[in-house]
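Each protein sequence line maps, in turn, to chains W and P. Just so we're aligned: the first sequence equals residues 559 to 807 in the working numbering. Just so we're aligned: the second sequence equals residues 2 to 580 in the working numbering.
Everything labelled a hint here was simulated from the structure, so no lab data went into it. Honestly, I wouldn't trust all of these hints.
[What the hints assert, rightly or not] No more than 30 Å apart at the CA atoms, straight line, and that leaves these computed lysine-lysine pairs for DSS-like: (1) 226(P) - 216(P); (2) 624(W) - 758(W); (3) 758(W) - 778(W); (4) 215(P) - 152(P); (5) 152(P) - 122(P); (6) 223(P) - 181(P); (7) 314(P) - 660(W); (8) 660(W) - 226(P); (9) 216(P) - 181(P); (10) 624(W) - 181(P); (11) 150(P) - 215(P); (12) 660(W) - 223(P).
[Stated by the list, open to error] Which residues of chain W face chain P? A partial, calculated answer using Cβ under 10 Å: (13) 580; (14) 598; (15) 609; (16) 624; (17) 730; (18) 732; (19) 736; (20) 769.
[Claimed, not checked] Chain W is nowhere near these chain P residues, computed Cβ spacing over 12 Å in every case: (21) 82; (22) 134; (23) 185; (24) 414; (25) 420; (26) 446; (27) 573.
Cβ atoms here follow ideal geometry from the backbone N, Cα and C, with glycine treated the same way.
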Amino acid sequence: MRNLFLLPLVLFSLGINATPVDSLLRAAEQAYAGGDHQAALSGYTEALSHGRSAALLFNIGNCHYKLGDVALAILNYERALKLAPGDEDIRANLDLARSRTKDRVSELPTSQVMQRWYRFAGGRDSDHWARRTMFLTVLLFAALAALLFIRRQTWRNIVGVGAGVLAGLMVIALLMAYVRHRSINSHDEAIIMAPRVEVKSEPTDRGTVLFVIHRGTKVKVLQVQQGRLEVRLANGSQGWLEEDQLERI
Amino acid sequence: MRILLSLLLVLAWPMANAQEIVFKASVDRTAIATGEQIQLSIQLVNSRERFQAPDLGGLVIVGGPFESSNISYVNGRMSSSITRTWRLTATQPGNYTIGQAQVRVGGGVITTDPITITVSKGAASPSDPYATQGQRGDANLFATITVDKSKVRMGEQLVATYTLYSRYNNLELSKYELPKMTGFWAEEIDLGNSGWEPKPRQVNGVAYNVAVLKKQVLFPQKSGKLRIEPLELTCLVNRSFFDRGANIPVRSNALEITVSDLPSPAPTDFLGAVGDLQLKASIDRASVAVNEPVQIDLQFSGRTNLKLLEAPKLTLPPDLEVFDPKTVDKVTVNGGGMSGSRTFQYLLIPRIDGQFELPRLTFSYFNPEQGRYVQLETEVFTIDVGGAAGATGGAATERPVQRDVQVMAEDIRYIRTGDLALRPADDALFGSVSFWSALGAPALAYLLLLGWHRRTAAQREDPILQRRLKADRVARKALQQAEAALKKGSGADFHDALNMALRGYLQDALTLTPAQLDQERIAASLSKHADGAEVAAEVQRILSTCDMARFTPGGASSDQGLYDAAVAVIGRMERMIRS
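The shape of chain P in the complex, shown without the other chains (with noise of 0.2 Å):
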């Protein structure tokens, strides 16, 4: 029976030789939505050639080739006939052709008929935009850049992820080089040992194994467009013991960051913290004894570039002394970005003793989810600070070491309160009238009194003049003696004293020597004025009667009307010569 159907089989070849060939491609359908798949089959008949796959035409193949034969006698007459099936998508929508397949069979070449493919736009894309963007560069083997977010504030976390797409069974990176971040302050995340992904992920329906390379976590350090420069690396893929594999570069997309400045004015106690910050403050302890270390701990936490978070400086009073502070981190940084906590441990050493209040430390950050300044505050803390410990009470004698007092801020000078004395704007006491009536009035009365001087110092000057002027004083006091004479019934001193008297006066007077003291003289002097003859008679009445009460021996009485009459002459004279 066996021998039977081995005949049957030779006796059978020729004929199935001489049987129709037939080549054909087939897809199941002809369009498709983006991430839909579609199986194309291309079919044999007849032929036990090998073919390739034709032309896709940018389809990508998702699955197969699948192969599957098949031989079947009908009538007794065999058929064979393979099928090679694919199953393929499209990562775009548009219209792609599938290009004739090409099989050699005997001395011609049969072709399969191209077939076109119409594919529209998928109802729901999830895919990574990078992602697409790669496999549309290599379906295979492509690489991408992500950021969770593009628009951020400068100094706000952000979390970089460099991801590889790969459809090879197998591959081994032989170069890769992480891009330099230019503008950013870069920290990265340890990802522990990972490796491919175990679940494949799809792009655009295409499945494909996923290893996530490296993640970081990039804090912008100024604003504007900041360039996150391509991912590059080598992949060598296809390795085995046959096959030395073949090198393929692969280079990511590039990332363009808008950072954008923080709004303007900061606080003051802005020190470039941005994200989501709490301040906790604890004191040690509340009393010490002076020298003695208090330790103030200022905890910040929160998700912030706590790495470069600096120590807020503590305004505090000056007898205590402050040490840098010691900075204790809790940080993690993982796909959230970089959280925890720093810790500044700030040392105080009170000098002296006293109740020393630790002003409030404030600190301001910026929360960009809010786009606001965010203010925290500590509370007031409080130190008492006693006396030094072992203290044996020769603290008097022990000087302190003196230091410069510390000017802690600058500030404008108090404003004038009270009267501000205000006065007209055009209001000078320069150039007024009074100022040049003031400058003006005593020099005028200088003048007067300088012109009146003058008058009187040349009348001081001239002997005569100054005779004539005192000629009338000098009667007086002759006349006084008279008067005194008189009054003690000296007749004979009376006499002379009045004679003397007349006589002193006429020499002043008229201006006569003693000898020019005639009768005649006298009575030319006194002509040119009015009534002068009158006077001269008087004058020589008067006179006569002195030399003869003088020359009367036993002497004459004192005479009241003698000495009247002479005082009334006197004065007679004088007016005359006055006027």
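One chain only, chain W, in its complex shape (with noise of 0.2 Å):
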């Protein structure tokens, strides 16, 4: 049932290798291989118009820290880690990245007992809960189905918990595929951009300065008024920005 899912993916990933993407991947790779960073990154931009992954912007990301662009690279491992949060290498790099910015406002590295949970929540990729939900909804149903047959009480006792779980994990694994999808389809979070950014106390040009921030900080939006945005740092500080400073995640 699982690699009947499956198999919309791989028509797919087989249709892509038919196209030049494969190739232009091929020749920034060896690009980065050799050193050249910048010419990997032209290609892998490139790519990135002909359909997104993890892996790619993961890659990305890589050239840009190369290339010593410390913010591109945390804003695309950011953008990678959406798509993958269990992905031990690019969370890795991404700590990395976020030691060699000015602002120490960030996030603490990763623990183990986190990028386990990352790795749970995540799954294998971005489609991974959903079709662990229609999985557990064939399994449920076929479940409560054996049950209008199934005579021996000892078999109905152990069908019927047996279908209690798996409604109880269907209803878990639809909600963290609700989760995923909605942690992916929003853009509230975003990096910093702009050098230097004087956060104010109100959308206005008057605002009291609160407090400077640098680029490469990442900070949560919490609303947009008259063209600025209201954002929260990691250490609970508040305050109003503009939008051009930033980069959505």
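Combine the two chains into a complex, taking the hints into account.
Given below as structure tokens:
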């Protein structure tokens, strides 16, 4: 059943192989290996117009890192991480890139426990929880159907409890799939792109400067008013800045 | 004769007093350029009074006064004159006025006329501007601070010289304090046993005795405008046996040094050295036994602040133990600045045998003359480490000292290669039609199954319906027995089985008890169907035939036709009841 759902994916990737994207990726890969990070970056960026994936965004982040632009590297790692929250490589590189920004407000490096949770919550890919939900649904109704025909009380008990567990798991999987879908499609986090940003107390020029943050720092966008954004830092500080000073993840 | 002469003198004295007294000042020229000299002569004729030099109005005495006197007899009349001469010069262009000189004669005062001197700018004025400035303050005694460069890069060395200029013959330094240096690393240059320079130095035409008090090599440690405060000292002049002398305070000029930052970004292997450097690396031997030391020398030579040069960190393979380097300096500080060499001697001890390659060490310094960073690098050394000296073959039982794996550097993980599984950005399984239908389809299938199951269950619950539904199956079973009897040719058994089959069917299908199986009831039950009467008659015929055969003594033979008729009538009834 699971493989059946994977089938369209497999067909899709076969379709990709037939296009010039594959040779584009291979050329970028070779450029990166040869140390020409600029060429690799332009190749990967062009490939981005054909589709995206955590691996591609990860590679783009690596190119930016090697070219010395930590902020753009962080942005692409964060985007990659949204698609694959459990990917250890992305997280390791993101932690390293974060340690090279000017502001030290960002989160602590990922712990082992959290890494496990991310890997569980993230699934193998962005559709993993949706597929799990579908699989569990089929199993659940199969168990319910079996209950109609089973006469022996022992088996009825076993299958009944199994169906209950399956129903619980299905609800959890559905919730996780929903949360994953939401987090992939929400753009309420952003990376500061301006070299120096004065965060003000009001969405106007008159506002008092509350604090100053620098390129590469991650913020959460709370609301938008008059072309300005209210943002919150990882340490809880809040204030207003301008839209063009950041790039949404 | 001698007496006569004396007499004449005595006689002549009153006559001489009666001579006219002349007092006049003159110069050899009234227009000079700076640095050139004029001669001022003041002549007093026919008087022996002392007179002082007039106010020179800013002109500086270079030489003099030289005094000459002269007595002459002209036609028996004696006249005498005293001439005092000064050599003067001017350090600055402009108009100078030599004031009136005065002399008291008898009851009155005679003055000379003032003289105006025009000084133009000299053609070449090679004099030090600081000395000129000092000379303007006090033409007899001043001090200067000079530097060889006033615009430097951070860390670039410059030499500051503290010089004393004096025109006094007798001078002692009574107090002297070097200015405090803020923002500089200062290194004193040893001047040896220095005193007054043997040759006087000319400043704007005026000769001075010059003593270099001190020289320092300065290394600016921060950028911006750095100020060197004035040198202050007190000199005791003209002290002699007869005179206590005079204390004269001297304050030199201050200096401002413009220090510019080094260009950014600096190379990563730049440790702050600015100047001109060479690097020579050497290793004392290329092959050693385990635990035997190897020495690596890194010799930096050239002109820079060698005393501030830090030992570069060697990046070595982890199994080489390295000790803090020993520093050997051969540094000289002289008028040219600081130069020489500094050698770092690293002692390495290989703890494991094998071949070790010592990575190339790079070192960058900033060269201010070229205005850029210059990178020096060493060659790559290879050390061959043999087995432990004096090893006795017991090495396998010895446990080596285990250490943690050393992390030498951090870098990002490598890119993903191969197929990156690109997908369109809006392609998500969750929320898609196939997702919801994959959730809905099993639910729908289950509901259908449940409906069907409910219906069959309801049928199972109804005994009459069950009986009727089973009637056909039961009858067929009984008919099979009849068929078996038919084949055996047992007539009694055949009719018995046929009778049982038909009666059983009628009971089940028409829901009748055995007692109710009479002709009227059967006919009544079947009458509501079409052909009911005909079927009832047929049933009646078969039943009565069976009854007759059963009660016929000796038994009737089995009858294929009757069997077929029974099968046919059961089939007809089944169709009738179902419809």
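Verification of the supplied hints:
Note on residue 226(P) and residue 216(P): the hinted pairing holds, with a Cα-Cα distance of about 21 Å set against a maximum of 30 Å. As the CA atoms of residue 624(W) and residue 758(W) are separated by approximately 33 Å, the hinted pair breaks the 30 Å bound. Proximity of residue 758(W) to residue 778(W) is assessed by CA-CA distance (about 15 Å); at most 30 Å being required, the pair is judged to hold. As the CA atoms of residue 215(P) and residue 152(P) are separated by approximately 21 Å, the hinted pair is consistent with the 30 Å bound.
This hinted pair checks out: residue 152(P) and residue 122(P) have alpha carbons roughly 29 Å apart, not beyond 30 Å. A C-alpha spacing of about 16 Å is found between residue 223(P) and residue 181(P), which places the hinted pair at or below 30 Å, so the restraint holds. Straight-line distance between C-alpha atoms of residue 314(P) and residue 660(W) comes to about 26 Å, which keeps the hinted pair within the 30 Å bound. Our distance criterion of 30 Å between C-alpha atoms is met by residue 660(W) and residue 226(P), whose separation comes to about 29 Å.
At most 30 Å may separate the alpha-carbon atoms for a hinted pair to count; residue 216(P) and residue 181(P) meet this at roughly 14 Å. Pair hint residue 624(W) plus residue 181(P) does not hold up; C-alpha atoms about 47 Å apart against a cutoff of 30 Å. Straight-line distance between C-alpha atoms of residue 150(P) and residue 215(P) comes to about 17 Å, which keeps the hinted pair within the 30 Å bound. For the proposed pair residue 660(W) and residue 223(P), the alpha carbon gap of about 23 Å is at most 30 Å, so the pair holds.
Among the interface hints, the one on residue 580(W) holds; its C-beta lies about 8 Å from the nearest C-beta in chain P, closer than the 10 Å criterion. The interface hint given for residue 598(W) holds, since its Cβ lies 8 Å from the closest Cβ of chain P, which is under the 10 Å cut-off. Here the hint on residue 609(W) is kept, as its CB sits about 3 Å from the closest CB of chain P, short of 10 Å. Because the beta carbon of residue 624(W) sits about 8 Å from the nearest beta carbon in chain P, less than 10 Å, this interface hint is met.
Interface hint at residue 730(W): violated, since its Cβ lies 14 Å from the closest Cβ of chain P, which is beyond the 10 Å cut-off. Annotation: residue 732(W) was flagged as interfacial toward chain P, and the flag holds, the nearest CB pair being 8 Å apart, inside 10 Å. The beta carbon of residue 736(W) is positioned within 10 Å of a beta carbon in chain P (closest approach about 7 Å), and the interface hint is therefore held. Here the hint on residue 769(W) is broken, as its CB sits about 26 Å from the closest CB of chain P, past 10 Å.
The non-interface label for residue 82(P) is consistent with chain W: the shortest C-beta to C-beta separation is roughly 87 Å, beyond 12 Å. For residue 134(P), the requirement that its beta carbon stay farther than 12 Å from each beta carbon of chain W is met, with the minimum near 46 Å. In this structure residue 185(P) is separated from chain W by more than 12 Å, as the shortest Cβ-Cβ distance comes to about 31 Å. The beta carbon of residue 414(P) sits about 5 Å from the closest Cβ of chain W, which is not more than 12 Å, so the claim that it is off the interface is violated.
Not every beta carbon of chain W lies more than 12 Å from that of residue 420(P), the smallest distance being close to 6 Å; the non-interface claim is violated. The claim that residue 446(P) is not at the interface with chain W is violated, since a C-beta of that chain comes within 12 Å of its own (minimum 7 Å). Non-interface call for residue 573(P) relative to chain W: holds, since the shortest CB-CB distance, roughly 35 Å, exceeds 12 Å.
When held up to the earlier numbered hints, the structure conflicts with 2, 10, 17, 20, 24, 25 and 26 and fits the remainder.
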